[in-house]
Amino acid sequence: MKKTQGNYTILVITVENKFGVLARVSGLFSRRGVNIKSLAVAPTDKAEFSRITVDLDIELEGVSLDQIINQLDKLINVVEIRALDPAESVERELMIVTVEAEASQRDELVDHLDKVGGKVLNIGTESMMLSLVETSSVIDDFESFLSSYGIVELQRTGRVALDSL
Amino acid sequence: MTSENIDGGKALIRALEKEGVEVMFGLPGGAILPVYDPIIDSTIRHILVRHEQGAGHMAQGYAQATGKPGVAMVTSGPAATNIVTPLCDAYLDSTPLVVITGQVPLAAIGTDAFQECDTTGITMGVTKHNFLVKDAQDIPRIVKEAFHIATTGRPGPVLIDLPKDIVDPNNPRSELDWVENPEMELPGYKPEKNIDLTAIENALELIQTSKRPVFYVGGGILKARAAEALRELVEITGIHVVTTLMARGAFPDSHELCLGMPGMHGNYTAVTSMQKADLLVALGARFDDRVTGKVDGFAPDAKIIHVDIDPAELGKVRKPDVAINGDCRLVIEAMVDLLRREESIQIDRSEWKSMISGWQERFPLTYEDSEPGSRLKPQYVLEQLRDLTPEDTIVASGVGQHQMWTSQYWSFDHPYTWINSGGLGTMGFSIPAAIGAKVGNPDRMVWAVDGDGCFQMTAQELVTSTVENVPIKVALLNNSYLGMVRQWQDMFYEERFSEVFLSDDVPNYKAWAESMGCVGIRVDSPEEVPEAIAKANEIEDRSVVIDFRTAPEERVYPMVPAGKDNSSIVVPPSQESQER
Ligand SMILES: Cc1ncc(C[n+]2csc(CCOP(=O)(O)OP(=O)(O)O)c2C)c(N)n1
Ligand SMILES: [Mg+2]
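Just so you know, the protein sequences line up as chains A and B, in that order. To get my numbering, take the position in the first sequence, counting from 1, and add 12. To get my numbering, take the position in the second sequence, counting from 1, and add 2.
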């Protein structure tokens, strides 16, 4: 399953950094039956606010994105909301992954990892732990490459994004 | 500023007093006990209800009739869940409420403690906002924020959940420094809108050049207290008005430009004029499915001007040609201002006017008189009630056929005289709502028009009305059925009546009313109707229930069948042969 640019919607929501706010935001998606593909939440440079990046599959099936944005904006704890245009933003995602890798397989693996700019975090007897910060589509590709080795454990953070300069 | 140490319970009551709260509706219990103690010494009147749903609907009736926020207070757990229905009702009808619920002590939250429930979680989707207070020091600020949120922008219900330990004077956690003027911390809440004057000019151009315009007036006009401004706008432009179920009274029914209620049970002219219009000016209305019928077929030739305080309404159902985000009163005043200054374009709308008067002549509201010896016609009872009560009478209705007939047959000539559950359609709304309205307007006559099904859901609040000395009058349109559901089975399920018959003889409503300290009257024949109403009008010291025995087979007409577009409007049999 490849995700190419433009096939997704990123919402960037600035909220008050308080308990319960994430539930209010995610509740607006769940009551419409809209699945959130990924979600990143962390405080901003101002500790009282958090920035939420929501990645949605573009096919919202009958649900209007404007409507979701307008209604999220009505939440009292939402300070600002907008959709980022993928063409005018820079996005990154972090993946850390443990893959099965016998000593004989490691050169090829590390070679490939270097090409995409990843790092080796840890080496075990039969496996390696790697990290990669890249666009989600590069990570998608790398993940499928890794699957032939056997993925032991994997965590991706989901997209985060900023406006292009 | 000298600091004063008080406890959370006292702070809550003092903060309510500071907000100008004169009355609250509620029922105490374990978790909220500490807040009930300072009520004894407070200037706030507390009305003790018999069920928490009643407290919520009373607060709604009070708010709808007075424009002030309604306040209710109940304990945790089952009391909190009992008030969820009124919260949802107030959310859908944009009624300003502040509801306070008790909660188990902070340390017990999440442990399945006695009478614990996740009140803020449950009510998240049915409130404009809710608060779980974790620090007694926040109480003055949160109360101020709650009232601000409930009453500004698009009004709505706000809930404050109060863990017991922060209000209990025996617990050190409840101590706080009273703050007289706390600063609100609502960085994400900006209810004021800058009105877009260009959009207003564009709107006026459409208004002045349209040939078949209609003002589609919704409940937002009442919330914005814009009835007077609307009247000016209507009179300057000479354009007809429809008032939705939520807006009855926002423009006088007796005005020649008023076409009455549109929608599923709207009158033929209101429905059809919208359907044939070339311009709909939606003012504080939300294109509800009960108004639009099938959306794809709604007002196919109409351009849309949509004015609303809530930006999420603009384009939600129908894309507007001109969208104006702002308070209806300010927008209308700006329109009137511009119209006064500009030279008005006089477009000839005589053809449209004669179409409208033709529909009015051919399709008035109508019903057949009852046969001698058979049960009363509900429409006749309502006509009598309308004609025999003071013109500023407040009417609160339940949900069902009787609600539609009341909206149709009453003549609303004043804003804030019609109180009903429009969006949620909550059976059992009328009696508590009427009590709340009466509490807010002790000198006005308040009638509840109720159905027998609805009555049985909340009638116990008549005990509240007796004990708290809040006399209302109830016109029970008793057709022995869940009439509205019966009507759907009658029309769309081949008269297969499934679980809609209540009973012809139980309960004995007269006896029930009397047992609750009210006067009970039973009326079977048309001649007795005026007499019974006159008698009820004279009784001022207690509530009165009149059990009007009405005809079960009566249908509400006209009707746009669910899922059909508004041109499929079904008229009563006597009008079927009329040219459309
Ligand atoms: C709480 C609730 N339950 C069910 C319904 C569905 N419902 C709508 S109208 C109606 C019948 C109401 O009966 P009654 O109060 O006797 O009024 P009538 O239609 O006979 O005038 C029902 C069951 C509702 N609106 N609210
Ligand atoms: Mg009935």
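Just to be clear, a hint being listed does not mean it is correct.
Pulled a few chain B residues facing chain A out of the computed Cβ check, cut under 10 Å [stated by the list, open to error]:
#: 1; residue: Leu134
#: 2; residue: Ile151
#: 3; residue: Thr153
#: 4; residue: Lys296
#: 5; residue: Gly299
#: 6; residue: Gly317
#: 7; residue: Arg320
Here are the computed lysine-lysine pairs in the DSS-like style, where the Cα-Cα straight-line distance is at most 25 Å [as the list claims (entries may be wrong)]:
#: 8; chain 1: B; residue 1: Lys213; chain 2: B; residue 2: Lys195
#: 9; chain 1: B; residue 1: Lys146; chain 2: A; residue 2: Lys30
#: 10; chain 1: B; residue 1: Lys146; chain 2: B; residue 2: Lys213
#: 11; chain 1: B; residue 1: Lys355; chain 2: B; residue 2: Lys213
#: 12; chain 1: B; residue 1: Lys213; chain 2: A; residue 2: Lys86
#: 13; chain 1: B; residue 1: Lys305; chain 2: B; residue 2: Lys192
#: 14; chain 1: B; residue 1: Lys355; chain 2: A; residue 2: Lys58
#: 15; chain 1: B; residue 1: Lys355; chain 2: A; residue 2: Lys86
#: 16; chain 1: B; residue 1: Lys355; chain 2: B; residue 2: Lys195
#: 17; chain 1: B; residue 1: Lys321; chain 2: A; residue 2: Lys86
#: 18; chain 1: B; residue 1: Lys318; chain 2: B; residue 2: Lys296
#: 19; chain 1: A; residue 1: Lys58; chain 2: B; residue 2: Lys20
#: 20; chain 1: B; residue 1: Lys566; chain 2: B; residue 2: Lys537
#: 21; chain 1: B; residue 1: Lys278; chain 2: B; residue 2: Lys20
#: 22; chain 1: B; residue 1: Lys318; chain 2: B; residue 2: Lys355
#: 23; chain 1: A; residue 1: Lys30; chain 2: B; residue 2: Lys278
#: 24; chain 1: B; residue 1: Lys20; chain 2: B; residue 2: Lys136
#: 25; chain 1: B; residue 1: Lys146; chain 2: B; residue 2: Lys70
#: 26; chain 1: A; residue 1: Lys86; chain 2: B; residue 2: Lys146
#: 27; chain 1: B; residue 1: Lys355; chain 2: A; residue 2: Lys131
#: 28; chain 1: B; residue 1: Lys70; chain 2: A; residue 2: Lys86
#: 29; chain 1: B; residue 1: Lys278; chain 2: A; residue 2: Lys86
#: 30; chain 1: B; residue 1: Lys566; chain 2: A; residue 2: Lys30
The hints are simulated quantities; they were obtained by calculation from the structure and are not laboratory data. Where is the CB? At the ideal position from N, CA and C, for every residue including glycine.
The hints, checked one at a time:
1. For Leu134(B), the suggested interface contact is upheld, since its CB lies about 7 Å from the closest CB of chain A, less than 10 Å.
2. At about 6 Å, the closest approach between the beta carbon of Ile151(B) and any beta carbon in chain A falls short of 10 Å, and the interface hint on this residue holds.
3. A distance limit of 10 Å between C-beta atoms decides the matter here; for Thr153(B) the minimum to chain A is near 14 Å, and the interface restraint is violated.
4. A hinted interface residue such as Lys296(B) counts as satisfied when its beta carbon comes closer than 10 Å to some beta carbon of chain A; here the least separation is about 16 Å, so the hint is violated.
5. Below 10 Å, beta-carbon pairs count as interface contacts, and Gly299(B) has none with chain A, the closest being about 19 Å; its hint is therefore violated.
6. Annotation: interface hint on Gly317(B) holds; nearest CB of chain A at approximately 7 Å, less than 10 Å.
7. Hint status for Arg320(B) relative to chain A: violated, with the closest Cβ pair at about 12 Å, above 10 Å.
8. Taking the CA atoms of Lys213(B) and Lys195(B), the gap is about 31 Å. The hint is violated against a cut of 25 Å.
9. Among the hinted pairs, Lys146(B) with Lys30(A) is consistent with the structure: their alpha-carbon atoms are about 19 Å apart, no more than 25 Å.
10. Using a Cα cut-off of 25 Å, the hinted pair Lys146(B) and Lys213(B) is violated, with the two alpha carbons roughly 48 Å apart.
11. At most 25 Å may separate the alpha-carbon atoms for a hinted pair to count; Lys355(B) and Lys213(B) meet this at roughly 10 Å.
12. Under the criterion of a C-alpha separation no larger than 25 Å, the hint pairing Lys213(B) with Lys86(A) is inconsistent with the structure, at around 36 Å.
13. With a CA separation close to 30 Å, the supplied pair Lys305(B) and Lys192(B) exceeds the 25 Å bound.
14. Between Lys355(B) and Lys58(A) the CA atoms are separated by roughly 61 Å; this puts the pair beyond 25 Å, and the hint is violated.
15. At roughly 41 Å between alpha-carbon atoms, Lys355(B) and Lys86(A) are farther apart than 25 Å, so this suggested pair is violated.
16. Straight-line distance between C-alpha atoms of Lys355(B) and Lys195(B) comes to about 36 Å, which puts the hinted pair past the 25 Å bound.
17. Simply put, Lys321(B) and Lys86(A) have alpha-carbon atoms about 20 Å apart, close enough for the 25 Å limit, and the pair holds.
18. The hinted pair formed by Lys318(B) and Lys296(B) meets the criterion: a straight-line CA distance of about 15 Å does not exceed 25 Å.
19. Pair hint Lys58(A) plus Lys20(B) does not hold up; C-alpha atoms about 33 Å apart against a cutoff of 25 Å.
20. At roughly 44 Å between alpha-carbon atoms, Lys566(B) and Lys537(B) are farther apart than 25 Å, so this suggested pair is violated.
21. Restraint check for Lys278(B) and Lys20(B): not satisfied, since their Cα atoms lie roughly 51 Å apart, outside the 25 Å limit.
22. A threshold of 25 Å between alpha carbons decides the hint, and for Lys318(B) with Lys355(B) the separation of about 31 Å lies outside it, so the pair is violated.
23. As the CA atoms of Lys30(A) and Lys278(B) are separated by approximately 50 Å, the hinted pair breaks the 25 Å bound.
24. For the suggested pair Lys20(B) and Lys136(B), the alpha carbons sit about 22 Å apart, so the restraint of at most 25 Å is met.
25. Restraint check: the Cα-Cα separation between Lys146(B) and Lys70(B) comes to about 15 Å, which is no more than 25 Å; the hinted pair holds.
26. Annotation: proposed proximity of Lys86(A) to Lys146(B) holds, straight-line Cα distance about 19 Å (limit 25 Å).
27. For the hint pairing Lys355(B) with Lys131(A), the CA-to-CA distance comes to about 78 Å; that exceeds 25 Å, so the pair is violated.
28. A C-alpha spacing of about 22 Å is found between Lys70(B) and Lys86(A), which places the hinted pair at or below 25 Å, so the restraint holds.
29. A threshold of 25 Å between alpha carbons decides the hint, and for Lys278(B) with Lys86(A) the separation of about 34 Å lies outside it, so the pair is violated.
30. Between Lys566(B) and Lys30(A) the CA atoms are separated by roughly 46 Å; this puts the pair beyond 25 Å, and the hint is violated.
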